[in-house]
Amino acid sequence: MFDVDVWQEIFSTIKKNKLRTFLTGFSVAWGIFMLMILLGSGNGLQNGVKEEFSSNSINIMWMWTGDTSIPFEGMKEGRTIKFNNGDYSYLKEKGENIENVSSRYYLPGTIIYTYKNEYGSFETSSCHPSLLGMEKVNIVSGRFINDLDLNDFRKVIVIGDNIKKALFKEEDPIGKYVKLNNVPFKVIGLTFDKDRHSERTAYIPVSTAQRIFNGADRVHTFAVTTKMVSTAEEAEAITDKVREGLAARHKFDPKDKKAMGSFNMLAQYIRTMKIFQAIKIFVWIIGIGTLIAGIVGVSNIMLILVKERTREIGIRKALGASPASVITLVLLESVLITTVAGYAGLLLGVGIMEGINYGLEQALATGGGEGIFFRNPTVDFTTAITSMIILVVSGALAGYLPARKAANVKPIEALRDE
Amino acid sequence: MIQIENLHKSYVMGHNSLHVLKGLELGIEEGEFVSIMGSSGSGKSTLLNILGILDDYDKGTYYLGGKLIQGLNETKAAMTRNKMIGFIFQSFNLISFKNAMENVALPLYYQKVSRKRRNQIALEYLDRLGLKDWAHHLPSELSGGQKQRVAIARALISQPQIILADEPTGALDSTTSFEVMEILKEINDQGKTVIIVTHEHDIAAMTKKIIRLKDGVIEEVIKNGELQLFKDRVRTE
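Protein sequence lines correspond, in order, to chains A and B. The numbers in the working numbering rise by one with no breaks, and the one at position 10 of the first sequence is 10. The numbers in the working numbering rise by one with no breaks, and the one at position 227 of the second sequence is 227.
Rather than coming from a laboratory, the hints here were simulated on the basis of the structure. Take these hints with a grain of salt, some might be off.
What the hints assert, rightly or not - Using C-beta positions, here's what the derived DEER-type ranges look like: (1) T75(B) - I285(A): 24 to 32 Å; (2) K15(A) - R128(B): 27 to 35 Å; (3) S174(B) - S12(A): 17 to 25 Å; (4) V392(A) - E29(B): 40 to 48 Å; (5) R128(B) - I385(A): 31 to 39 Å; (6) K15(A) - R117(B): 18 to 26 Å; (7) L23(A) - K185(B): 45 to 53 Å; (8) R117(B) - S12(A): 36 to 44 Å; (9) M13(B) - F381(A): 56 to 64 Å; (10) V392(A) - D56(B): 34 to 42 Å; (11) T13(A) - Q3(B): 35 to 43 Å.
It should be emphasised that the depicted structure is a prediction, and the values quoted were computed from it without experimental measurement. Idealized CB from N, CA, C, for every residue including glycine.
Excised from the complex, chain B in its bound form (with noise of 0.2 Å):
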């Protein structure tokens, strides 16, 4: 699904430039539940950046469902991104003014799909995360929880071969927490491929691959095995 090879990224500030990912070398299969960890300034930002195609890169290759992700214009990256790619962000990034049935229903709104028929389509994604009494609600009428579920609904509702989710628990307390990467579990489970970008071990802990970055390039990767192991590691440090 995800084959990176020679990834290369800097960033110029100034007179100084910032060497961030120094030839990163990655690969995602199909289906696969993967968290990104690593300490600030590790580049796992960046990566998930490149991952969703909202930033260029350097040096390198970039496939996505077997694509070439290179040089795009704003324009084919846009449309990539909307047909390929299901965005979850920490701070849940609503649509203030609109309620959580519009929300939901915004990438098909840019598919050109009417309006009668995304409304629809979006209503059921609410269903399925429990949320359909609140379809009408503003964002600012829901809890966090609730809050991620709409945003999660929006993530799937174009049907995108990978969900990018960052920091999707950040905001979130334990509780809620676990209900919101349960969900992911399902949808993993389904067949999607989640990536997920987290510093926090036990969330990190719940999916079934974890990469490690360190200074621009994978430090280590924990597969699915050895998780119990990566747990008992954890609760020493």
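For reference, chain A alone in the conformation it holds in the complex (with noise of 0.2 Å):
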């Protein structure tokens, strides 16, 4: 199979029908660049939207209050419903299917932050040290809250990157005090996101916020995360669980949700991804059709091909070609042009979505690129092979027809002078 001269044979008549082999092969080149183009546009799209999730854990949930907006055993609508610590300790303790919990208070009218002859107003989150797995926190430098901290009472805080370089420029602030509202918070952490989500908030304990700010047992929202499931009907029922307990706890209607508000990222991401699975699937038909156009190109022109090389055929095979060497002849040009075309397509294609990945990660580097919902529009590696596989495969297919019909070839039929 790998005999020099069979690949003479195959080159000389390939560079015989220079455009007839770049046509044949262009109609394959085509199929795997779409189909390049289109999985890599498909992963672009997934990873910009995974990316959007993954500010946080992907198993998040929030829960806030309101007045209740349907009458619950007697009571009129129109109560206002608290969380308070207690509620925590609920969640953390009987709480079904939740892994951890971080309460916020919020703090009370605008927070000034005092550093030296500098101050500002930044976002100021009360919570649990368990936030930190929860929402995006990146630690630079310093520690994030501990137990410790909490249940001490410890005025500590954690500072983002944009409050650091506004209050103390470019001193190290770990270990400085920064006033709030002109009560001193030593400064333990400094957090760093690329992305800026959280870059203008500073972090407390939610023990010391309440205390402090006269929140008492006073909790305004919950962040838990749960149980990782599969299904967004189990993530939704986690939620349905979890507001029953809380409604029982506060005396409202657990469908009401004015009374108390929550969502569940799970369910949302899952739902999500099940749109990218099925738009996944989509682009494999689409591109696999596109292929299979290709490869019947290929064959149609290598019957054709066979059609006039009968003759030839017929010439080789008085001189002695056994049907098995016709067949390698045939089947190799076949597999040898939709191999090559489709790697010229492949390249092509991975080569255009490379280029895209490193516009749009220069764009992000420098700021730009804001709102893209598109991120590393790339082909993996497994793909690209399978992709290779298929081709090759493709192209034996396409030649197996017409080199079962250049095998057929009666040399007399063949020889017979017109």
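Fit chain to chain and form the complex, with the hints in mind.
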């Protein structure tokens, strides 16, 4: 099969029919090129949306309260529902399928941050230590809030990169004291987020926030992580269970979305990824369809080629060519054209997607590209290899019929003088 | 060399069956120079195809070099053709995109002879036929006589036991025809069996034995000594 002579035979026929070989190869190259572009774009879109989700844990769930809108057990609507530290203990100890809980108390009014002569107003997030793994908090120096800080009501603060730049300039803020409305807090950590989700946010222990800013045991929102499940229905079931528990504690209708609001990221995530799975299947169907069109083209051209070369094949057979050697000749030519052309299409497709990726990354690095739902639109190695295997197999398939036709050429008929 | 007994062959065309060879008997010894003649429809092409193992027959026996040729599969038939028979065709049947040397070397390719070796042998054969300078020319750059000489070299290269020539001079002018016949005669003088199919009397007259076919059987065999007689008869016809 890897006989130099066989290849020389094949190359001499290809050289003789350059344009036809090119056109044949083009249809295959186009097919694989489109497949790569489609797959790459699909991946890019999916990665972009995943990136949006990745600012938090995908199994995070938020809950907040409001006024009831449905009468419940003889009580009129319009009652204000408020979470408290008891709810935290309840979720932590009795919450079904709940892994971590962090409560947040909203600091009243505008909080002014002061360090030496610099001051500014920033978002203050009060939380439990467990928030670190739930929301995207990226500690670049120092540490995050821990249980000791929480239990001892320590006045400690973790600040975002923007706050550090505004107040401390080039100074190292760790160990320094920043005043929040004249109450000094010791800076224990610094966060940095290249996507700038939390750069203007500072974190303090929720217990400290409640004590210093007159919160008593009031909690405004909960962030919890739930057990990982694989369907949106299961995720919604977890939400319903948690709502039922809290509704019983505060005496409101579990269906009352106004009394207590909730958002389950996991259910949303699963639904979105389902859409992408469907898109991926769709892309493969279209891609394979395009490829089949290319392969039929190759098969067609090879059939014509065999017909044109009938006399030559007849001569070869008269001189001692076995059917096997004739089949090898046609089949290898078909595989060669599809593989080389397909590889060219593959390279071009992957190249263009890599180029777009490079451009995107440049844009993101320089601060542009904000809000583009498109990340890393490339095709992975396995997919490329799979496509290559599909190509070789399809080349063989495309050559099969023509090769059989060639093998069946009868020398007497082929050599008959017209 | 060739022993044929009671050979029958018919072609089925739709509902009709055409009985072409009807119990043909033929013996050709080693080293003979034979021409087969006959009007169209006499079965001479069919006989040539069967002799060249390009076609199968229905009934009878065909021995080539002491070997029974019957019901061979395509691969076996191809191998036998390659080793035992050298073909020369009316329209040369050279492969257009291969040069003279590569065309001549082709039978050796199917014998798995290395490229270098078979091209070297091909050059020797071309040299013998006076075409060494044309070895690297494509068939389209050669004259008819040169093409047929390339084809003869190709027929000889595998050192077959018989040479089968189908109207070898059909596409050539008379001067070139005689040159080609001269070459075939030389080949015969070197001991090879040469069988040509022709409808030209003067070409047939240059061979040593003429077999005339009519309606699927041998009508008459004219041997060496009677050739002069044959020539005279042709002239008066």
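Hint by hint, here is what the structure shows:
Between T75(B) and I285(A), the C-beta spacing of about 42 Å breaks the proposed range 24 to 32 Å. Taking 27 to 35 Å as the suggested C-beta distance range, the pair K15(A) and R128(B) conforms, at roughly 31 Å. Our hint of 17 to 25 Å for S174(B) and S12(A) is violated, since their Cβ atoms are close to 36 Å apart. At about 55 Å, the beta-carbon gap between V392(A) and E29(B) misses the expected band of 40 to 48 Å.
Here the CB-CB span from R128(B) to I385(A) is close to 54 Å, at odds with the stated 31 to 39 Å. At roughly 25 Å, the beta-carbon separation of K15(A) and R117(B) lies within the given 18 to 26 Å, and the hint holds. For L23(A) paired with K185(B), a C-beta distance near 51 Å keeps the hint of 45 to 53 Å intact. A hinted range of 36 to 44 Å is violated for the C-beta pair R117(B) and S12(A), which are about 20 Å apart.
A hinted range of 56 to 64 Å holds for the C-beta pair M13(B) and F381(A), which are about 59 Å apart. Range check, V392(A) to D56(B): about 38 Å between beta-carbon atoms, so the 34 to 42 Å window is met. A C-beta distance of roughly 41 Å is found between T13(A) and Q3(B), which places it inside the suggested range of 35 to 43 Å.
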